[in-house]
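Q: Chain by chain, the residues run as shown.
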Amino acid sequence: MSTLGDGRIDIDRGTVLRGGLLALAGAIALAVVAPIAWLVVRAFDMGIESALALLSSPSTVQITINSALLVAAVTAGSVLLGVPLAVLTARTDLPFRRFWTVLLALPLVVPSYIGAFAFVSAFGPRGTLADLLAPLGIESIPTIYGLQGTVLVLTLFVYPYVFLTTRAALLSFDASQIEAARTLNHSYLGAFRRIVLPQIAPGIAAGALLVGLYTLSDFGTPSIMHYDVFTRMIFVEYNAFGRGRAALLSVLLLGLTVAILGIESRLSADDGNAYAGGRRGYTISLGAWKWPALAFCTLVVALCLIVPLGVLALWLFRGGPGYSAGGFAFEWSYGLNSVVVAALAALVATLAALPVGYLSARTDGMLTDLFDRMTYLGYAAPGVVVGFALVYFGVRYLPGLYQTLPLLIFGYVVRFIPQAVGTTQSSVLQVDRSLLEAARTLGHSPLASFRRVTLPLIAPGVVAGAALVFLTTMKELPATLLLHPSGFKTLVTYIWQVQDAGYYGAAAVPALVLVAVSGLSMLVILTQEGDDVR
Amino acid sequence: MTRRAGDDPTTNGSDDHGASGLGRRRFLRTSAVVAGGALVAGCSSGGTNASANGSNASSNASGGANGTVGNASGNASTNGSVGIKSFRGSGPLVESRPPLKGPRIDDLPDLSGTLSVYLGGGEGGLYTQFLDLLQKMYPKFNVKLRTASSSQLANTLITEVESGSPKADVFWAVDLGALGVVANNDATMKLPKKVVKPVPKSFHPNNQWVGVAGRARSVPYNTNKLSANQIPNKVQKFTDTKQLQGSMGWAPTYGAFQSFITAMRLLHGKEQTKQWLKGMQGQNISEYPDEFLVSNAVADGELAAGFANHYYSLRVRAARPNAPIELAFTKGDAGALINAAGVEVIKGTERRQLAMNFIKHLLTAEAQEFFATRTFAYPMIPGVPPVGGLPTIDELNPPEIDLAKLSNLEPTLTLMRETGVL
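If you're matching them up, the sequences are chains A and B in order.
Under UniProt numbering, the first residue of the first sequence is numbered 1, with each subsequent residue one higher.
Under UniProt numbering, the first residue of the second sequence is numbered 1, with each subsequent residue one higher.
Hints in this document: simulated from the structure, not taken from any laboratory.
Idealized CB from N, CA, C, for every residue including glycine.
Some hints here could point you the wrong way.
Said to hold, decoys possible - A few chain A residues facing chain B, derived, Cβ under 10 angstroms:
#: 1; residue: Ser59
#: 2; residue: Ile224
#: 3; residue: Glu237
#: 4; residue: Phe241
#: 5; residue: Gly242
#: 6; residue: Val384
#: 7; residue: Pro399
#: 8; residue: Asp432
#: 9; residue: Ser434
#: 10; residue: Thr454
#: 11; residue: Pro485
#: 12; residue: Lys489
#: 13; residue: Thr493
The whole structure should be built from the sequences, with the hints applied where relevant.
A: Structural data, given as structure tokens:
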């Protein structure tokens, strides 16, 4: 079909295409970093002297240590929880796997201020558990406040990052190798450690990075659990109209982000060889382990979903005017608004992430790595910081877009695009290069072979990325509050309004709607994963 | 005959009714009873004072009714005219309300046109209901509403004004500090005297903003654990009161708490404030994310007492009438600070008349009754008393400080940080 001449032209076209792709990826990376640059400008607004004083104050040092500890512990916890759950739902004969997959991904939509609050109500001093134990003579239970409680709660609500990315990696994983290992008399565990783990490592790393950086940007949980971190101090400064100081602290936080990105790059530097191939799809038979596995899944779902929703329901049924909605009538259209903006954000972020993630997986250039890493900066910045950056940008440079949906969606993309970049990149890494070469020898253009070979293979990863962006956008609060069109309400802005006014019970219905709507959407998304999920 | 639009340039002229005295206002109030549903249905009872703009004055049915009712005092039930009733809340705390005094909505020109309002604070939820009521009364009046936290909206407004294109006509915030910061950034318009006149001077110190609903600092305490006389009447004494050791709670990240510490700093200086914060830490005080949770913990017995805004306890009690929670107030110090929700008009608005008329509506007896009975706030006009057996605003003993200074939070935060409270 193709002559030698055609092939040469093909190569030229490929170079042009690659150049174009590079420019596109660069433009996307710059676009999402631009608003963050505003922070640096703001930070320079305050004098160097007070800046230095703030940076070297004992409390700044303390929150830096606290933040680092929290990130390390939550990341480790999420890997320990997310990877086994991913294996169970993707590669075993666990009953009702799709059901568990949806439920186990859902904790991601529980806003941290609801999750943490529920845990304090349930397990805090004078909480439901303490009340239950008191008649048994148990006077006090270990405190939920502080580092341990913050780690517990955050881990329970962010492990789905690792769960989803690992799952995607497992789904596009080559099964023939594990069979080979088994024929060589390796146990499943041995085969997992020696064959599977190295191949899904990019997926796990992508999820772990998301967990670490999300932990850095979360405000609700540490504040409710009495643990002092960067976000809390930034929040306090914004509340006190110290915009310069807030910006400076944010820049410091970005420094920490860069450090984490550096560590992650070093750890996953040798992932270049991760080209998978051959047959996909294999299933481990659980046998008698089915029951402990089911119990494990049930326990996680109980802690992550049933506890928070149960506590909210409890508040709801306490009833009375003191707990009614404080003047905010709930409307179902808020749910629709949430779904629409989250779906748009997921779509835009996924499309924008494709060139960035693809390039950084397929080329070793410094530039492509830089573009890839740049997209992570907006993600680790607290939402309120990104929000204000975009208010400033919007008012000054895009007055026509300020307080409109496009700017809001752009804000979501700035915050959440790395979730799509990371999953895209790790699944591109798993595509067998020989397949691509075969396609090329058959005369397909690079674009056609991408469309016909790469895209179907990376689809699970891309879909997982879209799901992550969708779920986190559903619950995003601070940027939503700052950038929404006036009068446009979503589930979370409603939850914020009733909670801020102290009407906790009124949050139960919208929180349930949030979880239900997200669950349904997850179901739709997961059906796109392919036939091997049953 | 219908009345003219509220943003008619002659609006200002009709402000004189404020000076025409209480008698006339009472008179009108009673007339509303007779006129029945006039308030909501037509909002056209003949309130417009003809003195300044006779050509616009209406003489309609209820105007005629005015003449037939001579007795102004009324009683609690007849006073609850349709107008007042639709503004008044319900529940155990709102059982009997005395006759109210103050400007009436009937006296004001109609609201008409679109007003862009930034509403700060989730507590503004009930305020949105109030706005809905107004929009029902005035079909031509439309509020474009934006809600977020007070500080976020203040920061947003400052950023917008810096860039030369503010999007709001009115900023209505639940915290005077947020209003003050916007005003200090030269982003507000001075309010005319006749607009702010019904409110005591301390709640419009420089006329850049005016308070519309007050919030008193208070000490909620658990009646099973403490009696009223065990609560010191000076906040400075809390640090060495034995009964409070290990059993108090506060919410240092909460804006109202920071205003309270700012007030203490203004009254006693940095050093004493620092000592007080350290003293409370020495009392092993526990930290909560907000003051509703402090009040709730007091009602549950998790705490014996706490520092919180007064209405949170009322809300706990409205939900659980038997909860063992009562309120104590300190005297003449920061612990007795009265903060407020307030409004200001943003510089550069093209709807100044409408904005001013809107603020006048917030300071009517109807609006104040709404804030008192539904949000449990302290009314800002003396003719409307607070609910729940609370001392009236003049029985409280707030400190003498310039509330506009509450916006200077930075030194307070430095203190709180130095002591490790934040």
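Q: Against the structure shown, which of the earlier numbered hints fail to hold, in ascending order?
A: 8, 9 and 10
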